[in-house]
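The residues making up each chain are set out below.
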Amino acid sequence: MLVEQVGALGHPILRQRFSGAGAECRVGQDLDCDIVVDDEHAAAQHALLTLLEDGRVRVQDLGTHNGTRVGGKRVPPDGTVIEQGEIIVGHTRLHVRTRHTPIGQERVFRREFVQKYRTPLAAGGVAACIAYAGFRQWLNAPSSLSRSLITGTLITLGVLALWTALWSLMTKLNKGRWEVRVHLTIASMGAAFCAWGYWVGGLVAYAAQWSVLAQVGVVVVGATAFVALYLHLREATRYGRHIALAFAGASTIVISAIAWVIAVGVDTSDVNRMDLGPDVRLETRRVVPNRDIAEYLIEVDRLQRAAGRERQKSLLDAPLADAGD
Amino acid sequence: MKTIGLFIALACLSIRATDSTAQTAGAADRAERLPPPAETPAVPSPTDEQQRPPGEETIDEAAIEAEIAAQELSGEAQVRLDAARDSVVQIQGFFEGSESSAFHGSGFAVEDGRRIVTNYHVVAQAVMYPQQYRLKYLASDGREGPLHVLAIDVRNDLAIVAADDLELPPLKLRPDIPAQGERAWSIGFPLNLGLTITEGVANGLVENRIAERIHYTGAINGGMSGGPALDRRGRVYGVNVSVVTNRQLVGFIVPAKHIPALLARAGEPLEKQFSALQLRQRVTTQVLAYESEVLEAEPSGADTQPVRGFVLPTEITPYVECSTFDERGPHVRVRVEVISCRVPSQLSVQSGVPVAGLTMQHRIVRSAGLSPLQFERQVNDVAAETPRTGQPAHVAPFACHDGLVSLDGFDARISTCVRQYRLFAELYDFSVTVVSIDDETQALVSRLSLQGVAFDSGERILKRYLGALQWKP
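Here the protein sequences line up with chains A and B, keeping their order.
Okay, so the first sequence: first residue is 1 according to my numbering, each after it adds one.
Okay, so the second sequence: first residue is 1 according to my numbering, each after it adds one.
Below, in silico cross-link-like pairs of lysine to aspartate or glutamate (EDC-like), each with a Cα-Cα straight-line distance of 20 Å or less:
#1 B:Lys463 with A:Glu295
#2 A:Lys313 with B:Glu426
#3 B:Lys472 with A:Asp292
#4 B:Lys463 with A:Glu299
#5 B:Lys463 with A:Asp292
Think of the hints as simulated: they come from the structure by calculation, not from any bench.
Taking the hints into account, I'd like the entire structure generated from these sequences.
Spelled out as structure tokens, the structure:
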């Protein structure tokens with residue numbers, strides 16, 4: 001029986017081997033324990049692991065208030081028998097392996113569906129990305145569809161390869177094919193969802209003619225990117241929840257800042273920048289009834305005040321050189 | 001339909017000498033200007049003699065050149081220049097304590113010889129920023145001293161300035177307009193090159209322009225602004241004001257008949273009478289009076305032009321000049337026809353800030369076999385090409401409002417953007433973009449831009465413009 005104590009980053013910080021039927025391993029804060037955990041949520045004598053004759057391990061909780069969890073479930077009073085798995089004592093994670101444990105490269109996925117459907121998910125995500133890139137290409141530079149698709153595919157594959165390679169390098173899991181596939185699955189799903197979502201967001205904004213929707217769309221894209229990154233870290237790396245949250249949050253902020261600089265430009269006080277509103281859609285059935293000119297002009301009338309505010313801001317920013325008053 | 005091409009590059013003459021090379025060149029020229037120019041071509045100098053290759057005959061040539069020079073001396077230009085030399089001064093503007101001039105122009109003495117007439121745009125910086133800029137005159141005899149602005153007429157681009165102790169021989173004014181074809185001369189200090197006279201022909205008043213200008217076919221260059229335009233008898237019929245750049249010898253002169261009224265107003269120096277804020281308000285009032293007259297005037301007949309089913313306004317005010325042309329679209333399968341109309345702005349509140357201008361561009365964008373989605377993308381691209389005319393020093397950023405609006409016969413997205421001038425709170429720029437959304441093979445992208453107008457007046461012009469757009473297949 002091999003017991004590993006896992007640190008906050010998901011990496012083993014302590015390993016201990018126990019052999020022989022009946023070998024016991026006590027876990028707790030007490031110095032008498034075989035594995036001493038420095039965890040205020042753990043009891044002095046918290047859990048007892050016993051190696052059975054058949055090579056499996058019995059896990060027992062020693063009547064603690066917080067209990068002991070195996071694979072996310074609380075251990076019943078009479079204990080539970082496992083071949084391998086994750087045991088949580090207080091806030092400390094322990095990994096237990098026995099000789100029955102198949103030691104493959106593949107580690108336990110936190111979510112079953114990713115494990116089960118990773119191939120179709122990866123294929124679907126990549127296809128969605130390619131479709132979006134091809135569509136954009138066709139839309140912006142009107143040329144034949146096949147050519148657009150080829151260009152779009154190349155762009156997509158380039159972006160996905162970059163993403164996957166970067167993550168593989170960062171997580172140092174670039175040994176096997178399956179890790180690459182996990183990275184690719186989540187990367188492609190995330191990218192496709194962001195891209196299509198952004199375009200669909202524009203359509204919705206037009207339909208409602210509500211400019212704020214475009215901004216809501218940007219927020220949604222940002223949130224999607226954040227979730228994709230978080231899932232990526234949780235599913236495909238050994239990082240814990242807090243590290244994953246921090247990492248995903250920081251990355252989202254950096255990506256948003258770059259996107260913002262590209263889209264808006266650094267100079268927010270550009271006096272020639274006009275916000276024309278949502279793009280027009282020709283021949284679309286309109287959702288919102290049109291206004292007549294008089295109604296529109298009433299709204300234009302309010303622009304005087306808005307322009308005045310812009311001037312005040314501009315004067316605060318850069319006072320007149322020689323106002324003389 | 002008048003072509004606007006000629007006026008596209010209309011630019012004020014006042015050229016700021018900013019680089020140091022221009023400054024040093026100018027200083028050298030002032031030194032050279034002192035000996036009478038008539039002497040220069042008269043006799044070949046010894047240096048010329050030495051440079052001549054040996055063997056070439058030299059004796060007769062000197063005599064011939066002297067003869068030519070004598071003929072030139074008796075030329076009218078020489079007479080005009082000599083008569084006016086002492087009446088003309090160079091006006092220089094200096095930034096704070098700087099020794100080299102920030103801008104310069106010309107001026108000339110009238111009435112009792114104590115008042116000097118020049119262009120408003122020559123002294124505009126000093127009027128707007130009295131604590132930053134000071135004015136100085138430089139007379140032909142080398143005297144120099146500070147100048148004060150006594151009166152301004154923004155609309156006719158005229159100003160009266162005076163110095164405390166300066167009295168020059170005045171020039172006489174001619175109140176009427178010279179006949180077309182009459183010989184004329186312009187005097188000034190072009191590009192800081194010293195006192196210069198150019199000869200040309202007066203071509204009468206320019207037609208279809210609200211601000212009266214005499215068309216002068218002759219060279220006018222930056223720095224000659226404010227200089228006198230003389231007729232055959234040496235009388236001043238106008239003041240040099242502007243030139244069409246990149247064209248040959250098309251200059252404009254403000255008629256002299258506007259000078260007496262301004263002289264009557266000239267009293268104490270403006271800076272003693274008014275605060276900077278009051279001065280700006282006076283300038284704004286003059287601009288707005290001009291603007292409402294030019295831009296808000298009802299056109300004689302509602303002039304429209306039918307293009308591919310759309311009926312588009314061309315003359316929404318009088319004085320509009322339009323042209324129609326093909327434009328290269330953003331993609332080879334997109335065709336763009338443009339009707340471009342404008343009322344050229346002839347008014348500057350300070351240099352580089354033209355106001356009371358109107359531009360209107362209708363673009364008919366047509367698809368040549370593009371799918372509706374692709375075409376839509378192209379139309380949005382055409383609409384997004386917004387003009388970049390403002391400078392951060394002069395205007396605040398735009399505030400915009402957009403919406404779907406039912407116009408006469410078609411629906412459109414209208415985006416209105418308005419920005420205010422930093423120095424002149426009553427002046428606004430409008431930029432309105434109309435994009436039709438009814439047809440997936442053809443779209444109208446129309447833009448109305450107003451420069452330096454009152455907000456109410458802008459709204460009224462916008463209403464007139466939107467009301468005139470029509471779909472009538």
